[in-house]
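Chemist: Here is how the chains run, residue by residue.
There are 2 protein chains.
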Amino acid sequence: MIFAIDAFGGDNAPSAVIEGCMLAMQKNPDFSIILTGDESTIRDELIKHTYDSARVSIVHAPDVIDCNEQPTIAVRRKKESSIVKALRLVADGHADCFISAGNTGAMLAGATLIVKRIPGVKRPALAPILPTLQGPVMLIDCGANADCRPEYLKQFAYMGTAYMKNVIEIENPRVGLINNGSEEGKGNELTKASYSLLKESDGINFIGNCEPRDIMSGDYDVLVCDGFVGNAILKTLEGTFFTLLKMLKTELMSGTVSKLGAVMSKGAFKTLKSRLDYKEYGGAPLLGINGGIIKAHGSSDAKAFASAIDQAIKLVSGDVTGKIASAIAANPIDWEEL
Amino acid sequence: MIFAIDAFGGDNAPSAVIEGCMLAMQKNPDFSIILTGDESTIRDELIKHTYDSARVSIVHAPDVIDCNEQPTIAVRRKKESSIVKALRLVADGHADCFISAGNTGAMLAGATLIVKRIPGVKRPALAPILPTLQGPVMLIDCGANADCRPEYLKQFAYMGTAYMKNVIEIENPRVGLINNGSEEGKGNELTKASYSLLKESDGINFIGNCEPRDIMSGDYDVLVCDGFVGNAILKTLEGTFFTLLKMLKTELMSGTVSKLGAVMSKGAFKTLKSRLDYKEYGGAPLLGINGGIIKAHGSSDAKAFASAIDQAIKLVSGDVTGKIASAIAANPIDWEEL
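So the sequences go chain by chain: A and B.
Straight run, no breaks: the first sequence in this note's numbering ends on number 340.
Straight run, no breaks: the second sequence in this note's numbering ends on number 340.
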């Protein structure tokens, strides 16, 4: 397996990215990496580590697409950027998977433009894995498609199922539709139509609507929604989590007894934080692209980036791209793009 | 002020509802109540309390719309239900505000059908008040309208502004648009068009997009969104909150030291829980109806119901309905319903 790695993506690049690669390489001997970015800076970072040099190569990319650039324009103009060069490696078959903690929009636009979609896939989707009370759940789409059609959501269900089956090894992933009520017939125009489509689809274990209060219940393995709603849910989760911790800290620090209690509970807080930590689950795969694409969190440290590589290993060895291609080919949708 | 109160709405009706009325009446001498529901059951509850009988009357309503009934059908058929009879009191001018902890859908449908919209209002909106790191924020709409047009969102902004100004006494409420990015130009079709409308609107202090991770930041007073997204956000907040507390409890109870720490931190947890408690903020007003409508939480206890009544007092004395009517009349929208 060969991974194309954007050495200049994310808040802590390139040092955390390269350190993350080293951590992952120590754990697993079955892959090599191609780092894209400014060659001399990468070499300066690599010197700090001991590693098998046969497993590491560099493709010089002097440009960087930063997180505030307009994605499509940046991808078209910055041909020499670390993202574009790495995507090109996947498109040309020199790498099996692309991993970056950089500009999400540029990754989405670049993956679609350069690596291209799996034949039959209408829209690729960004699909983070969230922790629940029991096991992980995939929320798909979380931001690639702000406006969706029911047919897209149906395809998201196939893509999510292929991933959870082959990467997380869940035999028959339970698919839920994010909706504003649990009963059939609830929803907005999109979810009502999507419900009907999902219900009739072969090869999906559709178990019905999921109200967002039950996302973390552990009752679902794949949750489908449009990218605007998924993005709102993801950011609400994030905001609530940090706000609660902040409020709790203020409360705990306001009294002597509770302050002492907080110190004594510290271990438990830490365990909880790691249980909820996206770093443990790697990054978010972009599914539907004709090659592996993993978006690591922008603030990834070395450990988080190493988890994203672990995820890439499973994505490639489980042939998720091939499995999605088969599922999409076997379940064509009755609607053509205008 | 006279309030029409659905004595049979909610999980703890009628006892918690009636006890809540008593609590509110002890605190404030300026209103009287009309309870709707089965008269003899209400009388049996009232006997348990000491109160000024001149302030309490009963309108017999033998039927109840339960929480699983299809709203529009239930409202049309169950003319003798506690919800319909109470709404009728508002529609006929016998009461200034309706308060219920019952079936939300039936309240929405009934309010629109019986009390009717304020002239010019396209869609009434359900608008809960959420706690933040500093002060409350209104999220509008949270479920009345699953599919929205930009014009509806503009009106939500006017309605939310009128409420926060006259009930929460915020001089110039900051209005944000829930969106998938902070910059102008981000969004789905609805939010892009809504941004342009809000930006050009007089009488709204529109400060731009709000990503849902910042809902609880305290940087906004009114946040507008379509009812599907608002509902998803509200339920995600709720789910995250309870899941986190559950996870934390499990972690804390897994070790002796942290167990002791948890006991010592108990006061802090309790304060946090009450800071986040919807009961402190009363219920969610349904804005845009030609009369006061307050939806109390389905699981309201007496204290929560009393808060909903406090809210009704402010809603009526602040003449929110009149203020909304003026704002809507002063800012007509350039689009007619088909």
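Among these hints, one or two may not hold up.
Identical copies look the same in the list; a pair holds intra-copy or inter-copy alike.
What the hints assert, rightly or not - Simulated crosslink set (DSS-like; lysine-lysine; CA at most 27 Å straight-line):
| # | residue 1 | residue 2 |
| --- | --- | --- |
| 1 | LYS251 | LYS188 |
| 2 | LYS124 | LYS188 |
| 3 | LYS194 | LYS124 |
| 4 | LYS124 | LYS29 |
| 5 | LYS50 | LYS118 |
| 6 | LYS81 | LYS188 |
| 7 | LYS118 | LYS316 |
Calculated from the structure, these hints are not laboratory results.
Chemist: Hint by hint, note whether the structure agrees.
Modeler: How the hints compare with the structure:
1. LYS251 x LYS188: neither (39 Å within a copy, 34 Å between copies)
2. LYS124 x LYS188: Both. Shortest intra-copy (25 Å) and inter-copy (22 Å) distances satisfy the 27 Å Cα cut-off.
3. LYS194 x LYS124: So LYS194 and LYS124 pass the 27 Å test inside a copy (20 Å) and across (23 Å) alike.
4. LYS124 x LYS29: For LYS124 and LYS29, neither the intra-copy (37 Å) nor the inter-copy (60 Å) Cα distance is at most 27 Å.
5. LYS50 x LYS118: Answer is neither; intra-copy 36 Å and inter-copy 72 Å both fail.
6. LYS81 x LYS188: Answer is between; shortest inter-copy Cα gap is 24 Å, intra-copy 46 Å.
7. LYS118 x LYS316: Within one copy, since 21 Å is at most 27 Å while 57 Å is not.
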